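Q: Residue-level listing of the chains:
There are 2 protein chains.
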Amino acid sequence: MIDFNGYLFVDEYTYMIALDSMKHFTSLTIVPLKLNDDGVDLNDLEVKVKERRFKSQNKEFWAIYYTIPTYHNPTGILFSPTVCRGIVALSRKYDFLVVCDDVYNILHYDNKPQHSRLMSYDTRTDADYVGHVISNGSFSKIIGPGVRVGWLEVPPRLKPQLRHSGIINSGGCFNNYTAGIVGSLFELQLAQPHIARLYAAYKERMLAAIAVLKSELPNTCRFVTPSGGYFIWIRLPDQVKASEFLEYCFEHEKITFIVGSRFAVEEGKGQQFFRISIAFHKKEKLVDGISRLCLALKAFIKSVKHT
Amino acid sequence: MIDFNGYLFVDEYTYMIALDSMKHFTSLTIVPLKLNDDGVDLNDLEVKVKERRFKSQNKEFWAIYYTIPTYHNPTGILFSPTVCRGIVALSRKYDFLVVCDDVYNILHYDNKPQHSRLMSYDTRTDADYVGHVISNGSFSKIIGPGVRVGWLEVPPRLKPQLRHSGIINSGGCFNNYTAGIVGSLFELQLAQPHIARLYAAYKERMLAAIAVLKSELPNTCRFVTPSGGYFIWIRLPDQVKASEFLEYCFEHEKITFIVGSRFAVEEGKGQQFFRISIAFHKKEKLVDGISRLCLALKAFIKSVKHT
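Heads up: the sequence lines are chains E and C, in that order. One point on numbering: in my numbering, the residue at position 102 of the first sequence is 102, and numbering is uninterrupted. One point on numbering: in my numbering, the residue at position 145 of the second sequence is 145, and numbering is uninterrupted.
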């Protein structure tokens, strides 16, 4: 019995729970893509898409590329305009759908990006525009995590498919009652100052966290300074495993983080990485925690070297 | 390319939007089952299950039977204890999962059924108990339609599968914020009187609707008196099509209903049926509407006979 409906391309490190959710819908073959500091590796994307392309008999698209182009989870990367333009060009050339998890987009702490969404590179005025990008937004990251109200921006040609979706029709919409509350929050001008307050707090926390890491992280470790979002993705030296450091760090400092392997599509990858979130703790606690984490890491690296 | 993951058995008339939702998840072959006045036809279920059974290589179950055993949508049927016991016996014998949409169960207007859920017939103390029934509950029918908070009761062996579900994990639970509100409504003893009020209103409406139909529905039409729930399912004489009567009824009386074919799994079926809901309008408006509908139906049947 063959059980095969298409391909799901994802970044080699990605938001794994989204991936788990998508696995429910159909039996997709998941293909990881190389990730650079400025976004997905376009050459890797083209090679892998090209060699797998087929004509689907019962689906609009033969493949989806799921990504988080703006303040990527877990890596914090902001996809560059060149990469965004390249993804759109490839999606048109090979006719696959790009699903962008655009949930951190307004949380920029550096210069505001010219376009905060990859979708804006799929320009409707282009001669070869068909519509290949879906943008998934959420209030959960900017109003409160329990809100779980979001929205989808889709090309016109995909609207009928969503309109006829049983999941959307059966519920009536995405979370009716809370959507009403969120709508009222905006009408009453209560959401706007709340979002501004969260934005300022996140920015302050991220900048403080980066400052501590720049001065205290052992120089054998590396990280790409995030310009927005929730996450910092730290690379350990080769001889250190994140899972072992997590054990050590929790035992000595009661500090936890998520190890890189949790975000890796391929078994055994990501062991040299871990992710810090700046969203949960107040600045003081966060700075103290990262400072102690850096100290613990120094001690741990030393202990590994000596064994 | 073969695209095949298993079977979904459903009643020949069923809640179609649920079916649409399930179609998203995988490519299932849908098999309709004969429905009698006391529930699904057990013989038809056994024959169809037996001839399709296979060993799934990548799924816990090779098939699901989706049904609404208590105050069925659209037919209003209450599955009898004999039918419930029979379904459980067959689900054990052929190892398929029974998913019960138990959303109207407490809305009984006649004697309270001894067991309001088919799940209670899958008795844990049975020697051959494994756990074959899922019961899906909802606050949407008893607190308010926009609530969209529900719960699942599952056999212990299925809990790990749900715990590891990406859809549940990604959202954190079924609708966090509204679930908190509903929880508080119960703690503050506000939900209980509200539900009691709705229950009394629905019961009054259903009994009034039935009384009007018993005295005014043309005697060439038939319906099974519902003992609970939202719906009354009316059968027209053979020469009358529900879709044509709907047009007539809307034009002359501005009354609408849902035609039977909307609930039919098979193309072309259900044309002799239509569904009335007692849930939306107050008793007076409902009684007036059904009364006018019966008059319109008499006139329409007459006009059809004469053409």
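One thing to keep in mind: the hints can contain errors.
Identical chains share a label here; the pair holds if one copy fits it or two copies do between them.
Capping the alpha-carbon separation at 35 Å, the derived lysine-lysine pairs in DSBU-like fashion look like this [claimed, not checked]:
(1) Lys34 <-> Lys59
(2) Lys305 <-> Lys59
(3) Lys269 <-> Lys159
(4) Lys302 <-> Lys112
(5) Lys93 <-> Lys285
(6) Lys93 <-> Lys241
(7) Lys50 <-> Lys282
(8) Lys241 <-> Lys159
(9) Lys159 <-> Lys254
(10) Lys298 <-> Lys48
(11) Lys283 <-> Lys48
What the hints contain is simulated information worked out from the structure, not anything from laboratory work. This one's a predicted model, so the numbers in the text were calculated from it and none came from an experiment.
Q: Determine which of the earlier numbered hints do not hold for this structure and return their numbers in increasing order.
A: Hints 2, 4, 5, 6, 7, 10 and 11 not satisfied by this model.
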